[in-house]
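Visitor: Hints given; two lone chains; assemble the complex.
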Amino acid sequence: MAHTHTRPAATARRGAAGANPRRRAQRRRRLLAVAFVLPALLLLGALVVYPVVFSVGRSLFDADGDRFVGAANYAEIFRDPATLTALRNSTVWVVVAPLLLTGIGLVLAVLTEKIRWATAFKLVLFLPMAVSFLAAGIIFRLAYEQDPDRGVLNAVVTGVHGSFEEPAPYPTARARTGQGVSGPVGGPYTTDRTHGAGEGALLGLVGVAPGALPADAGEASAAPAPGPGEVGGTVWLDFAPGGGGEQGRIDPGEKGLPGVRVEAVADGSAVATAVTGPDGSFRFPDLAEGSYTLRLPAANFAAPYQGVDWLGPALVTPAIIGAYLWVWTGFAMVLIGAGLAAIPRDALEAARMDGASEGQIFRKITVPLLAPVLTVVFVTLVINVMKVFDLVWIIAPGPVQEEAGVLATRMWLVSFGGGNDQGLGSALSVLLLLLVIPAMVVNVRRFRRSRG
Amino acid sequence: MRRPSATPRRAAAASAAVLTLALTATACGGDAAPASGGELDGTTVTVAGVWTGSEQKNFTKVLDAFSEKTGAKTVFVPSGDNVSTFVGSKIEGGNAPDVVMVPQVGVLKQFAEQGWLLPLSEKTEQAADSGFAPVWKDYGTVGGTYYGLYFKAAHKSTVWYDPEAFTQAGVSEPTSFEELLTTGRTLADSGRPAFAIAGQDGWTLTDWFENIYLSQAGPEKYDRLARHEIPWTDASVVRALTTLGEVFGDEQLVAGGAQGALRTDFPGSVEQVFGPRPSAGMVYEGDFVGGVARDEFGRSPGEDALFFPFPAVDGGKAPVVSGGDAAVVLKEGRNADAGMKLLEFLATPEAAEVWAEAGGFLSPHKEVGLGAYADETARQTAESLVAAGDTVRFDMSDQAPAAFGGTKGAGEWKILQDFLRDPSDPAATAASLEAAAAKAYKD
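So the protein sequences, as listed, match chains A and B.
All letters in the first sequence, in the order written, are residues 29 to 480 by our numbering.
All letters in the second sequence, in the order written, are residues 6 to 448 by our numbering.
Excised from the complex, chain B in its bound form (with noise of 0.2 angstroms):
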């Protein structure tokens, strides 16, 4: 979810920096009001996070409800891009926030071992065992120590299409890895070349080796992947691009062949299957597909905008890649204890429905009520989210150092858009990665 408002246009980096100062300025006036007699009167709690925009004012209304139960009075500090440099820089100045929401397993982890964190009470944990699938808790944790509680989802297996395509092509939604590469034959016959890959950002290419990989060779492998305990040499990960290359190589399903594929961005590859000149017939990204349809070209999602999830590769099990934003307290807060109340309620079933009415959320919780989201596609995900259950697992180039996994024309990136140009030689590719790999695990 984080990506496509921290990756796309560079040019719209300078101006988001702009913005992002502007709201902090702004989100102090967004106090919620207090409610007399609550067990938390007269304290303030103050919560950080990536958020702008409308889902800043989403979770505002969360925490309204939570000043509502408690009577404490709740502030929401817009943290810009990188919540790690923005935390410590807090911290160092003595005016730590008590709840920061943290976008990435990796960031999670750098703050738990800086000691910067509180482990979670008792009842949060309660909470996390009984409600969220024993591998939501498990992102949460870092040395056998519970810190992270996943308040916020995002599904990225999700494979969006234009229905009219669908029906001028006589296909439905395929459920399976080779039913799909049929179908997007089919439509490449009807004269909508399958696929609008977005080649120009890295993130979409290993989102969609991911995807494969967890499907063809299961969540343990996948593990030990993400953690390199097995090298990108390793005879699945072959496996795995080589599936990859069926696509990639296939010019009837990659829109514009590699070529185009690569000067394509994120938006533009959403303009290329739902813009007003569409000349593809699918996209696969994450949930936040359907939000760009939407607020760019016009579409309602579960309309003329719709998704099947991510098929199953060779029998395996229907991947569900994901990630989240986690709550976590900081030690060095003022109100910590008033912080850790607050994620008490955050991992209440009552807390994400308030978001999930607003739109634009999913909830890893299994308590969450289905009709409690706006929307169909929403309701959709959220169910495939938790049934999916712990198999789930988090986006792997998120989990890896960003040398590796996140840095624009290197390592991870940059070899599977080099395998985009030229999907010939799975094996020399696994080679290069595993050589970037090992350079940036410094293994």
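Just chain A, with the same shape it has in the complex (with noise of 0.2 angstroms):
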């Protein structure tokens, strides 16, 4: 074909050279096209292409890369069950993220046409953008620390419950077992038998550091003697400090527990409740008589409230994706807002000459003029939480890694971070680009279609 071609070419070069000067002038300039393209061609081919076509290449061996496993790597990944749970929590990221940061960036946009200080308040928004999703990620590990006094949000959760409830006296105590008082750990600790008029009932208790016993809290009686005809005892701490001492008895230097609640049970009901003095002594002072069982209520020994575990293995991903709203709201919103501030104003106008209420503007105009820039933000979005993976990688602490885990975290980890198996990590990365194509497909469109 080139052969037969060429030569009639030549003699039409020779026979008339510059009589078809159009024809040269395109042949060149396709030339010139070719040589300007190019570059971009290799470096498009070097860089994106050849990647890809490896990847997908390399997604058909096995970890060594030697021997051909066919689809084995792509079967590994729906029968891995931390690869599904990060499958999960990518779909999870995919549909929560996008449409809450359009929504808010929307509402915001929105909102901050109308205020005075509009563009402070974009700029602060906006601030967050700047911050790398590392140092965002190590700020907001911090934030979400259980300790209230080093995660900001829990130091407000406990603060807001702190003032509805008043702690329990004695959070770490428990009964000492085998000494006449048990319970299930946490309590309630009841007495083993009954207790009837005048004799003193020993509750003793352990597991209270020295340094939290109250500073009232005076040592316990070592006979402590209801009135006559008086049901009553003493709680204590069984533990005196340095050791020794004997177990279910009241030894010199014991100190009693003030401020605990004790019940007299008749039946399986309270019939009367008592709280403790300084020296650990209670008494029921009108209490028919009989014999009664004590009871130490859980109330006594409730765990101080811990706030909300951001980062256990429930709330991970939901708080990740806290982080990341905070980091693109700003995004968002100067998109939306830039969007906003094209749309014509006699529209606007028009409608609420009509008397259209600002509700009915936002939804019936505004919305609908908007649609293509939210549709731009949305699917950006979309394509940008596909790679999440530093935030994912900082904040999630090492137990819950797997719980956290997208597939942009489970493709390194699998190809590099110990697992060593770049057959499965290519093909979790070729899954992901499969992900990723139909939002970019919908981008291209979009783009075209406002060229045309």
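Calculated directly from the structure, the hints in this document are not laboratory data.
Computed from a predicted model, the values in this text were never measured in an experiment.
For every residue, glycine included, the Cβ atom is placed at its ideal position computed from N, Cα and C.
Careful, some of the hints might be misleading.
Stretch-level coverage of chain A by chain B, calculated; a stretch enters the list once three of its residues show a Cβ under 8 angstroms from a Cβ in chain B [to be verified]: (1) 232-238; (2) 289-298.
Derived list of chain B stretches under chain A, where covered just means 3 residues or more per stretch with a C-beta under 8 angstroms from a C-beta of chain A [as the list claims (entries may be wrong)]: (3) 170-178; (4) 190-196; (5) 255-268; (6) 412-418.
DEER-style ranges, computed between Cβ atoms [stated by the list, open to error]: (7) B:Glu118 to A:Arg107: 41 to 47 angstroms; (8) B:Asn87 to A:Leu70: 31 to 37 angstroms; (9) A:Val184 to B:Gly175: 37 to 43 angstroms; (10) B:Asn87 to A:Leu60: 47 to 53 angstroms; (11) A:Pro332 to B:Thr172: 55 to 61 angstroms; (12) A:Ala300 to B:Gly262: 32 to 38 angstroms; (13) B:Gly262 to A:Ser191: 22 to 28 angstroms; (14) A:Arg107 to B:Gly394: 31 to 37 angstroms.
Guide: Have a look at this one:
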């Protein structure tokens, strides 16, 4: 074909040099075009096409790269529980984060249009965009910390909670086992036998640090005798400092526990309540004759409110999405704000003249007119969310790393972070690519349409 | 020893990387002045290692002693945390160091298999035979050839405690695992939960398991499990997990309960015992706990931060789990011969004593005088390490493929964290350990 083609061309050139200048110019232009496009094509080929093709090929081989395994790596993706978790999390990310961001961005953009310090407000909201994901991750790792002394979120949560509820007096205490008082961990603890009037019941507790005793705690009196005809006893710390002492007996130096609620129980229900004094003694003055079981209700030992376990297995993904929102809200708002500024004012004015409410204007006019911008923001975010890595990697603590994992972290982990299975890693990256392609197509189409 | 500096807060990782760069730049200035008249006058030995900060400073003292003896110039190059990547790129660039201090058995093996290493000289081998328990030479041997001289060791079988908590509770150092549990429960009665456990860092949990397993099942089984010759579903593993579950499952023994432990990282666990607001009585980890207690919380090890050896489990021998840095000589090094001479020097007690005096160092060498150590704690750990002789075993998870024994949120780390959360079914835990191990060992 090339042979038959060149000869007439050559004769043509010889026969009529300059006779067909238009065709020559056209050829030169084409050559020029190729020369200009070539560097870009080469770069694109080397940096995009080649790696993609290589990954696809690599994904068909095993970990060492020398045995062809077909689709086994792809099957493994849907078998390995950790990868499935990552797949599920990625889905949650893609569904939730772009929607929330576009929504919040839209609301903020519309609101900031109407306030006076709009620029300052936008600037502040846009600031997190200047913070790297690494830094943002470290900030939120701290903010989500469970210990209220470190994590600001739990400091707020426990602060609010604490103002509604009195903390229990002895959260760490528990009954000395095998000494006549028993119950499940955390209470309630009940005496094993019943106590009648006149005898002092001994309820020994342990597990209270010396520093955690109330200031008014006095030494427990060795022989707590309630008045005649009264049921009573002593709640005390059955642990002498420095050890020693006999279990179940009040030894010298052992302190009473003030402020403990004690219930007298008859037939399974509490009939009276008393609170221990500074030496740990308590009594029920007006109790009918008889014998009662004594109970220390669980409220005495309730563990202090721990706040929310933000970084626990259940909440870790929403927590990280929260951090992502903090970073990207400004982006969505500014982009949508720009679209908003381009909306023809007369449409809004006309609607207002016709008596439409602000809500109606927002729903029926602003949003439809903004739809192209909203789609761009949404699709950009979808693509961006697909590759989220650093935030997850930094915020999720070791034990929940797997529960928080997304496709990108999983891909890195299996190929380089210890797994050393680049076959499976390549398969994951190909899957990621397949998932991003629809979003890309939508974006490119929009782009074309807006040009045409 | 490597772990606490390498694993904890990722936040620090970035700055550490920057720091390493900065140190690489400055380290070249640390040349020792060559003494005149030595046999190696005019040659320069380049040594690479992961050490930075005070460790680097103290190792430089050892190198200075070598220079004084031989007249060779020495240069220490910090390699950053990833030694194998560093050495690989240096070899490829034709700029290989002569000697590398290798921090893990697995890396040593990898170097030997790549054919990067020179077999050690006759003289070093003889010194190793007479100076070290055979186990140290075995860990430096790959395929029958002796490549790695263990110069610095870590002791990972020490239980650290606050003496004040022990006095308050009226207990003394336990000598068996049962006693350890009773001591722990008494501590809990006194208001200080027994153990601070750093569950957020998986490696502390593997160390717990390894100590119990080494003592309960014995060194032979330990070796076979480390090589994955017996499966993790073996009865001995289930038994060790059951024993471990006695600790993990007891609310009184674990400070903050399992949930609290899973939120505690290694520095946090030391803080729970030695910090300003102590909430636990004991913390188990390696000899480096003392360093953290001193540097971060102002304790003085040997006075208000004490330790006792991890006690024997079920009548076995008290375990000594260890690790260390091995010196190897690279084929590609420009002055490999001089490097070999350096290793001959490192094999002498004299070299070890230089660092021992400076502190933060243990030598597996039998002839290093205990008097050379800077403090009582180091003396005790060194004594226990040398006394354990041939029953010393290296950290098992360090010997395993990284996917199983060294990856955050995966493999053994993750499975033991799950076990800490719910220790009710040791057999199921053993089964998932085996599944993960089979995948990682690829057999």
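Visitor: With reference to the structure, classify each hint as holding or not holding.
Guide: Structure-based check of each hint:
1. Evaluation of the coverage hint for the stretch 232-238 of chain A: fulfilled, as 5 residues show C-beta separations to chain B shorter than 8 angstroms, against a requirement of three.
2. For the stretch 289-298 of chain A, the assignment as covered by chain B is violated, since 0 residues bring a beta-carbon within under 8 angstroms of that chain's beta-carbons and 3 are needed.
3. Against chain A, the stretch 170-178 of chain B contributes 5 residues with a C-beta closer than 8 angstroms to a partner C-beta. That satisfies the three-residue criterion, and the hint holds.
4. Coverage of a stretch by a chain is defined here by at least three residues with a beta carbon nearer than 8 angstroms to that chain's beta carbons; for the stretch 190-196 of chain B and chain A the count is 5, and the condition holds.
5. Residue count for the stretch 255-268 of chain B with a Cβ under 8 angstroms from a Cβ of chain A: 5. That meets the three needed, and the coverage hint holds.
6. Under the rule that three or more residues need a Cβ within less than 8 angstroms of chain A, the assignment of the stretch 412-418 of chain B holds, with 6 such residues.
7. Checked against the given bound of 41 to 47 angstroms, the beta carbons of Glu118 (chain B) and Arg107 (chain A), roughly 31 angstroms apart, lie outside it.
8. Separated by about 33 angstroms at the C-beta atoms, Asn87 (chain B) and Leu70 (chain A) satisfy the suggested range of 31 to 37 angstroms.
9. Look at Val184 (chain A) against Gly175 (chain B): about 42 angstroms separates their beta carbons, and that is inside 37 to 43 angstroms.
10. Between Asn87 (chain B) and Leu60 (chain A) the C-beta distance comes to about 49 angstroms, which sits within the given range of 47 to 53 angstroms.
11. For Pro332 (chain A) and Thr172 (chain B), the Cβ-Cβ distance of about 27 angstroms falls outside the hinted range of 55 to 61 angstroms, so the restraint is violated.
12. Taking the beta carbon of each, Ala300 (chain A) and Gly262 (chain B) are about 34 angstroms apart, inside 32 to 38 angstroms as hinted.
13. Taken as a hint, the range 22 to 28 angstroms holds for the pair Gly262 (chain B) and Ser191 (chain A), whose Cβ atoms sit roughly 26 angstroms apart.
14. For the hinted restraint 31 to 37 angstroms between Arg107 (chain A) and Gly394 (chain B), the CB-CB distance of approximately 47 angstroms leaves it violated.
Going through the hint list in order, the structure does not satisfy hints 2, 7, 11 and 14.
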